[in-house]
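> The chain contents come next:
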Amino acid sequence: MQSAGPGHEHWEDATAAYLLGALDDAERAGFEEHLAGCPACRAEVDELLPAARALPISVDPVEPPPALKARIMADVEREASLLAAAGPEADRPAAPARRRLRLPSLRLAPVAVAAALLLVGAAIGIGVTELRSGPDRTIQAEMESGAGTERANAELEINGDEARLVARGLPAPPSGRVYQVWLKRDGHAPEPTAALFRPSRDGTASASVPGSLEGVDQVMVTDEPDGGSPQPTGDLLLVANLS
Amino acid sequence: MAKDLRDLADEELMQLVRRGQAPAFEVVYERHASAAFSLAYRIVGTRNGAEDVSQEAFLNIWRSGARYDRARGSVRTWVLGIVHHRAIDYLRRATVHDKRRASDEGMDERFEAAERTDVEVARRDEAETVRSAIGTLPTEQSQVIELAYFGGFTHTEIAEMLETPVGTIKGRMRLGLKKMRDQLSGGAVTR
Numbered sequence: 001m002q003s004a005g006p007g008h009e010h011w012e013d014a015t016a017a018y019l020l021g022a023l024d025d026a027e028r029a030g031f032e033e034h035l036a037g038c039p040a041c042r043a044e045v046d047e048l049l050p051a052a053r054a055l056p057i058s059v060d061p062v063e064p065p066p067a068l069k070a071r072i073m074a075d076v077e078r079e080a081s082l083l084a085a086a087g088p089e090a091d092r093p094a095a096p097a098r099r100r101l102r103l104p105s106l107r108l109a110p111v112a113v114a115a116a117l118l119l120v121g122a123a124i125g126i127g128v129t130e131l132r133s134g135p136d137r138t139i140q141a142e143m144e145s146g147a148g149t150e151r152a153n154a155e156l157e158i159n160g161d162e163a164r165l166v167a168r169g170l171p172a173p174p175s176g177r178v179y180q181v182w183l184k185r186d187g188h189a190p191e192p193t194a195a196l197f198r199p200s201r202d203g204t205a206s207a208s209v210p211g212s213l214e215g216v217d218q219v220m221v222t223d224e225p226d227g228g229s230p231q232p233t234g235d236l237l238l239v240a241n242l243s
Numbered sequence: 001m002a003k004d005l006r007d008l009a010d011e012e013l014m015q016l017v018r019r020g021q022a023p024a025f026e027v028v029y030e031r032h033a034s035a036a037f038s039l040a041y042r043i044v045g046t047r048n049g050a051e052d053v054s055q056e057a058f059l060n061i062w063r064s065g066a067r068y069d070r071a072r073g074s075v076r077t078w079v080l081g082i083v084h085h086r087a088i089d090y091l092r093r094a095t096v097h098d099k100r101r102a103s104d105e106g107m108d109e110r111f112e113a114a115e116r117t118d119v120e121v122a123r124r125d126e127a128e129t130v131r132s133a134i135g136t137l138p139t140e141q142s143q144v145i146e147l148a149y150f151g152g153f154t155h156t157e158i159a160e161m162l163e164t165p166v167g168t169i170k171g172r173m174r175l176g177l178k179k180m181r182d183q184l185s186g187g188a189v190t191r
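The listed protein sequences correspond, in order, to chains A and B. Residues 1 to 243 in the working numbering are what the first sequence lists, from first letter to last. Residues 1 to 191 in the working numbering are what the second sequence lists, from first letter to last.
By construction, these hints were calculated from the structure, which means they are not laboratory data. This structure is a prediction, so every number in the text was calculated from the model and none was measured. The beta carbon of each residue, even a glycine, is placed where N, CA and C say it ideally should be. Incorrect hints may appear among the rest.
[Unchecked claim] Short, incomplete list of chain B residues facing chain A, as computed with Cβ under 8 Å:
id	residue
1	Val27
2	Tyr29
3	Ser54
4	Ile88
5	Phe153
6	Leu162
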């Protein structure tokens, strides 16, 4: 039997509620403070934790849409580029905290450093492309006229073998559909890519353009059913002319 | 993507994620996105909500990889813990308890993940084991666990809803988890 810490009588029946996320914010903070000094409650948390951790495993499987990955990876890759541009300083943990202080929050993740740089850049009016060395080539895309594209604009940024489409003011694709990027070579049907995306609520979007651009005349975007299409079926949203 | 990244254990991938390596994060996403999205969907009840929660959670994981501590459990447990936390936050922010239900979007919006690998099959077996363990609980215990963990309700809200003293609700939660733990003891699902 573990010894009880101060205030144990008040908290002893809160362990399961804590593990189930059923305490409000103030109670949770109070319980965590108590937990730090109460071996009896820590022992009960350890005892019940396997059951609480098993709960999420019990749910029916539901597949996420491919566009979700495209959106997440667009942000991740952008921040990874920033991190790389920030250089080794960003990869160096902050000076270690004094022994026994154990303040993990002082050890900034390098990605957090990149995110902070992004925020600082925005605050002082520096665009993301200026924080890194800037694209080798930027092509202004032509928006197709139609509902919702009046304020939209998009650019294709090309860096060596890599290309990224960056857009602002885009309308959301029709319900159940997603934007898909295509590569068009002269005399060939548009080639599908795995780049599927939906703009954020503010209309911004960023998508890596996979594959080689060698021989590509146009990068196009159409709206397609969730999961993408092998050939274009939806309306054309924009075209970037490379040649 | 380099094949060797896919050969790495989650914990090794997280070391690369901590250093800002996007391809390593992509493998972590591919391994856990389905479980994460399923949990988010179970809690918030709509596909759009589940997408928002999953996106927030994975970007948080990418940006806070340094906070993963392997001594406190597997990467999967850590990921699902973050998703759960974000999903409950989403519910409480939106106060959509009364309108969130999977039926909002119809059953046609729910579709099962394809069984692709032995890992998927093993996970389905694990899910069945956990569902069986929950199924052995008295209804009054499984009900409060469901309302708290998947419904995002606090013990006070549950007590009001069921017109039952708060102390009784907390006791049911505790007894239910203890019984589940006993049912699952020896299983591999609770790492």
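> Hints first: check each against the structure and report whether it holds.
Structure-based check of all given hints:
Restraint check, Val27 (chain B) versus chain A: the minimum CB separation of about 11 Å is more than 8 Å; hint violated. Checking Tyr29 (chain B) against chain A by beta carbon gives a least distance of about 6 Å; that is within 8 Å, so the hint holds. Interface restraint check for Ser54 (chain B): the shortest CB-CB distance to chain A comes to about 6 Å, inside 8 Å, so the restraint holds. The beta carbon of Ile88 (chain B) is positioned within 8 Å of a beta carbon in chain A (closest approach about 5 Å), and the interface hint is therefore held.
Against a cut-off of 8 Å between C-beta atoms, the interface hint on Phe153 (chain B) holds, since the closest Cβ of chain A lies about 7 Å away. At its closest, the beta carbon of Leu162 (chain B) sits 13 Å from a beta carbon of chain A; the interface hint therefore is violated under the 8 Å criterion.
Checked against the numbered hints listed earlier, the structure breaks hints 1 and 6; every other hint is satisfied.
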